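Protein chains in written order, with this note's numbering: chain D, 130 to 603; chain X, 235 to 352.
Be aware that one or more of the hints could be misleading.
[Said to hold, decoys possible] If you only want the chain D side, here are some residues facing chain X, beta carbon under 8 Å, derived:
id, residue
1, R152
2, D405
3, K455
4, K506
5, G508
[To be verified] For lysine-lysine, the following BS3-like pairs were computed, each having C-alpha atoms within a straight-line distance of at most 25 Å:
id, chain 1, residue 1, chain 2, residue 2
6, D, K439, X, K263
7, X, K316, D, K439
8, D, K473, X, K316
9, D, K573, D, K534
[To be verified] To spell it out: a stretch of chain X is covered by chain D in this simulated footprint if at least three of its residues, at any positions, have a beta carbon under 8 Å from a beta carbon of chain D; those stretches are:
id, segment
10, 245-256
11, 259-268
12, 308-320
These aren't lab readings, by the way, just hints derived from the structure by calculation.
The model shown is predicted, which means the values in this text are computed figures rather than measured ones.
All C-beta atoms, glycine included, are put in the ideal place defined by N, C-alpha and C.
Read off the chains here:
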Amino acid sequence: MDIKQRFENIVGTKYVSDGLGERYIYSFDMTENPPRKPLLIVMPSTVEEDKKIIELANETLPPLVPFVTGQNVGGLTIPQVEGAVIVDLKRMDKILEVDEEAMYMVIEPGVTFGHVKRHLDKHHPTLRYTYPLAPPYTSVLANALVQGLCDLSTTHGSMTDFINGLEAVLPTGEVVRVGTSIMGDGNWFARYPLPDLVGLFSGWQGMTGIVTKIALKLWPKKKFEGFAALFTFGEHATTHLIKKIARSGISEDLDSQSLSIIKMLLKVPYPVKHFDGEPDYGTVIGYTANSEIELNEKFRQLQELVDTAKEDDPRIVLIPWPTVVKLMGDQANEWIDFPSDAFKVLAEHDGLTWVGTYIHPKHWGTALDGGRKIVEKYGFELMAFMKPLNILHIAEFKFIFRFPKDEETIDRVRKCCEELLDFALSLGALPYKTPIWSAKKVQKLADPAFFELARKIKKLLDPNNIMNPGRLDL
Amino acid sequence: MMNEPTDFIGNILAKLINLQLENSSMRDKMANWNMSVVLDTDYYPVSIIFDEIISIEAGLVSDPTLVFKLKFDTILKLVERKTTMIRAILRGKIKVKGFRHLIALYRFYGFMNSILKG
Numbered sequence: 130m131d132i133k134q135r136f137e138n139i140v141g142t143k144y145v146s147d148g149l150g151e152r153y154i155y156s157f158d159m160t161e162n163p164p165r166k167p168l169l170i171v172m173p174s175t176v177e178e179d180k181k182i183i184e185l186a187n188e189t190l191p192p193l194v195p196f197v198t199g200q201n202v203g204g205l206t207i208p209q210v211e212g213a214v215i216v217d218l219k220r221m222d223k224i225l226e227v228d229e230e231a232m233y234m235v236i237e238p239g240v241t242f243g244h245v246k247r248h249l250d251k252h253h254p255t256l257r258y259t260y261p262l263a264p265p266y267t268s269v270l271a272n273a274l275v276q277g278l279c280d281l282s283t284t285h286g287s288m289t290d291f292i293n294g295l296e297a298v299l300p301t302g303e304v305v306r307v308g309t310s311i312m313g314d315g316n317w318f319a320r321y322p323l324p325d326l327v328g329l330f331s332g333w334q335g336m337t338g339i340v341t342k343i344a345l346k347l348w349p350k351k352k353f354e355g356f357a358a359l360f361t362f363g364e365h366a367t368t369h370l371i372k373k374i375a376r377s378g379i380s381e382d383l384d385s386q387s388l389s390i391i392k393m394l395l396k397v398p399y400p401v402k403h404f405d406g407e408p409d410y411g412t413v414i415g416y417t418a419n420s421e422i423e424l425n426e427k428f429r430q431l432q433e434l435v436d437t438a439k440e441d442d443p444r445i446v447l448i449p450w451p452t453v454v455k456l457m458g459d460q461a462n463e464w465i466d467f468p469s470d471a472f473k474v475l476a477e478h479d480g481l482t483w484v485g486t487y488i489h490p491k492h493w494g495t496a497l498d499g500g501r502k503i504v505e506k507y508g509f510e511l512m513a514f515m516k517p518l519n520i521l522h523i524a525e526f527k528f529i530f531r532f533p534k535d536e537e538t539i540d541r542v543r544k545c546c547e548e549l550l551d552f553a554l555s556l557g558a559l560p561y562k563t564p565i566w567s568a569k570k571v572q573k574l575a576d577p578a579f580f581e582l583a584r585k586i587k588k589l590l591d592p593n594n595i596m597n598p599g600r601l602d603l
Numbered sequence: 235m236m237n238e239p240t241d242f243i244g245n246i247l248a249k250l251i252n253l254q255l256e257n258s259s260m261r262d263k264m265a266n267w268n269m270s271v272v273l274d275t276d277y278y279p280v281s282i283i284f285d286e287i288i289s290i291e292a293g294l295v296s297d298p299t300l301v302f303k304l305k306f307d308t309i310l311k312l313v314e315r316k317t318t319m320i321r322a323i324l325r326g327k328i329k330v331k332g333f334r335h336l337i338a339l340y341r342f343y344g345f346m347n348s349i350l351k352g
């Protein structure tokens with residue numbers, strides 16, 4: 130019996146494919162990372178099937194690459210070795226539990242942001258989850274495990290900080306749970322006390338097992354919600370003001386972006402250029418309140434902070450969202466209605482990539498300023514994003530590129546990304562959702578003891594090296 | 235409908251103007267205005283050219299009929315109806331050059347009132 134038949138015996142004939150079309154589709158993503166075709170694709174629907182797949186892989190040794198919707202935009206699900214089997218988890222798509230009292234949900238890998246929003250709005254309207262700058266059909270579990278950002282990150286950190294616990298099938302086939310659910314179902318309220326073993330799975334890009342369930346924090350949904358747009362000039366002045374707003378705690382979400390991105394949303398055609406005198410950044414500020422009075426007071430406090438900054442640059446403006454809608458049209462409401470599909474403008478071409486890092490707040494302005502010069506040198510559209518995390522314990526920034534995937538452009542994208550990363554690394558920044566080329570650069574500069582420890586953990590958990598080998602260049 | 239320029243202020247103004255141009259009587263009225271107006275904002279100047287069709291360009295046109303010097307913030311206050319054109323002019327928030335073109339001034343005043351109020 131060949132390996133395909135053995136996988137078919139586990140999940141059924143319908144859910145295994147080695148067809149050319151499927152192998153092609155799973156061989157690449159929108160990034161410049163080199164494609165590689167898997168041997169076949171298998172689609173389990175239960176934890177038991179995941180376990181059997183892993184047991185079979187240990188016996189026959191094809192590498193396994195966990196996959197859900199492929200929206201990571203980091204080449205993270207492209208096989209790094211020949212003969213890999215993609216384990217597509219999108220059939221595992223149940224919202225298993227929503228605990229209103231301890232405010233968490235337990236979900237399977239295939240649950241998307243769209244599913245969660247619809248489910249909570251319908252059945253638990255007093256609670257909310259958090260949504261990233263990604264399409265509604267993105268996997269919630271994958272985004273949490275790869276330390277992505279969301280519209281509550283400014284107050285609560287990356288999506289990994291929302292994890293209460295998880296269940297995983299280890300690379301050796303055992304099913305384990307971490308967090309308080311080790312005491313049984315209906316008990317996923319925290320990831321500690323005891324050693325915080327969520328860290329064995331978050332940031333590992335599927336190298337330490339297949340996560341089959343995850344418990345994620347939900348938050349009370351306040352009755353009143355407001356948004357405002359802030360337009361600012363210059364990297365240092367912008368980050369200075371954003372830092373002040375973040376530290377004030379007024380806003381749940383601060384999402385700053387190059388004005389070019391706002392212009393893309395306004396349907397300015399490719400390539401979008403910056404005009405002298407235009408603001409450099411547009412920031413969407415989200416804030417909530419329990420009453421209209423509190424909401425108005427929050428806007429007043431925001432205005433006060435902005436007015437102080439206007440003493441240095443009177444051109445800065447803070448615009449309440451109803452005025453933004455009046456100026457820019459009803460489409461502006463789609464930009465704040467997360468999970469939003471409005472940012473599909475970024476996928477104008479077949480190529481999309483980015484270099485993003487977490488950085489010490491003191492280097493934020495310098496990183497953006499230097500990054501901008503690099504992007505301009507290579508002649509790309511200026512598409513910087515930045516977000517303060519956790520009331521600014523961490524600063525984040527990224528430069529995004531949309532591009533046609535011809536050879537010359539891909540080469541230019543690679544060179545530009547490398548230069549951007551080198552510059553960010555020189556400031557002590559670390560890349561997230563780290564592609565392999567980027568991990569290689571980090572390893573050259575970082576404390577080698579960290580990567581030695583990571584290798585030891587990987588070997589301990591996965592002695593046959595079957596889970597997504599090659600990631601992070603371990 | 236007019237083309238939407240690729241600069242920020244021009245693009246926003248074009249969107250506002252296009253809303254007005256959905257009204258055919260407004261379109262007909264403006265078709266023979268034959269004038270140009272510069273909005274000299276604190277961001278950068280934008281020129282609105284009324285010819286057979288209306289167009290907007292970032293920068294200064296030569297020999298404009300009217301020049302309005304104002305801050306982007308004042309445009310926002312007009313949109314939010316926190317001020318009016320007359321009040322802003324009287325308080326020095328808008329400075330106007332070209333008073334000798336009274337008809338043009340009257341037309342543009344009405345035009346701005348209608349597009350900014352929406």
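_I'd like to know which numbered hints this structure contradicts. Please list them from smallest to largest._
1, 4, 5, 6, 8, 9 and 11
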